[in-house]
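Spelled out, the chains give:
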Amino acid sequence: SQQGEEDPQALSIQEGENATMNCSYKTSINNLQWYRQNSGRGLVHLILIRSNEREKHSGRLRVTLDTSKKSSSLLITASRAADTASYFCATATVTGANSKLTFGKGITLSVRP
Amino acid sequence: NAGVMQNPRHLVRRRGQEARLRCSPMKGHSHVYWYRQLPEEGLKFMVYLQKENIIDESGMPKERFSAEFPKEGPSILRIQQVVRGDSAAYFCASSPRGTYNEQFFGPGTRLTVL
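As you go down the protein sequences, you meet chains A and B in turn. Numbering-wise, the first sequence is residues 1 to 113 according to the working numbering. Numbering-wise, the second sequence is residues 114 to 227 according to the working numbering.
Don't read these hints as lab results, they were simulated from the structure. Accuracy of the hints is not assured; some may be wrong.
[Said to hold, decoys possible] Residues from chain A shown here face chain B by an in silico Cβ test under 8 Å; the list is partial: (1) Thr27; (2) Asn31; (3) Gly104.
[Stated by the list, open to error] One-sided excerpt, in silico: chain A residues whose CB lies under 8 Å from chain B: (4) Asn30; (5) Arg36; (6) Ser39; (7) Leu43; (8) Ala85; (9) Phe88; (10) Leu101; (11) Phe103.
[To be verified] Derived DSS-like pairs: lysine-lysine, alpha-carbon spacing no greater than 27 Å straight-line: (12) Lys26(A) with Lys157(B); (13) Lys175(B) with Lys69(A); (14) Lys157(B) with Lys105(A); (15) Lys105(A) with Lys175(B); (16) Lys157(B) with Lys70(A).
Quick caveat: nothing in here was measured; it's all calculated off a predicted structure. Where a beta carbon is used, it is the ideal one built from N, C-alpha and C, also for glycine.
Based on the sequences and whatever the hints tell you, model everything.
Structure (structure tokens):
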């Protein structure tokens, strides 16, 4: 089963609206990261939130983390057509001497101009 | 500072042939990760390497797949005797430190097995 599962699977909004995407996970984490992937491209890191942080901002992005509920949300405010992409959450976990980044299946965001 | 480079960008192989995928990490990065992405799915971790060492290969299929990151030169993901099910996008990422931190991704190699 997935460590990180995003919700919804797909989201379609009008330009200017806010987009909220959620991610839930199962095991304890060191940090949680959000990435964006444009069609046919590699992933681009957006923001990292550590397990002892509750909220973080970066430009139009706002990420929250609730470790008691094992969930995170990514809010994109005042969306633009250029925000159209797939968004992935990734959880960083530690197992013994190794750490690992586990990605969810992603959310497809479409922003209509 | 050039980003993570992968080549080739597209690779077509017939069943039974070998595929070699190359990844040059960002300058100063000694940690390399390989992921596989199937259509409409997220990334699946395959292997984590540091220079000359495989740190975690828990995501690598037991047969036909191998990876290396030599002291000099790019990291190589090698798939022997490819099958149609190996068709996917393979992404390489690098980081200056361990996997706690953000990873920088290459553009990927799209492997098609005929």
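Do the hints match the structure? See the list:
no.	hint	verdict
1	Thr27	violated (15 Å)
2	Asn31	holds (6 Å)
3	Gly104	holds (5 Å)
4	Asn30	holds (5 Å)
5	Arg36	violated (11 Å)
6	Ser39	violated (11 Å)
7	Leu43	holds (4 Å)
8	Ala85	violated (13 Å)
9	Phe88	holds (6 Å)
10	Leu101	holds (5 Å)
11	Phe103	holds (4 Å)
12	Lys26(A) with Lys157(B)	holds (17 Å)
13	Lys175(B) with Lys69(A)	violated (36 Å)
14	Lys157(B) with Lys105(A)	holds (9 Å)
15	Lys105(A) with Lys175(B)	holds (23 Å)
16	Lys157(B) with Lys70(A)	holds (21 Å)
Comparing the model with each numbered hint stated earlier shows that hints 1, 5, 6, 8, 13 do not hold.
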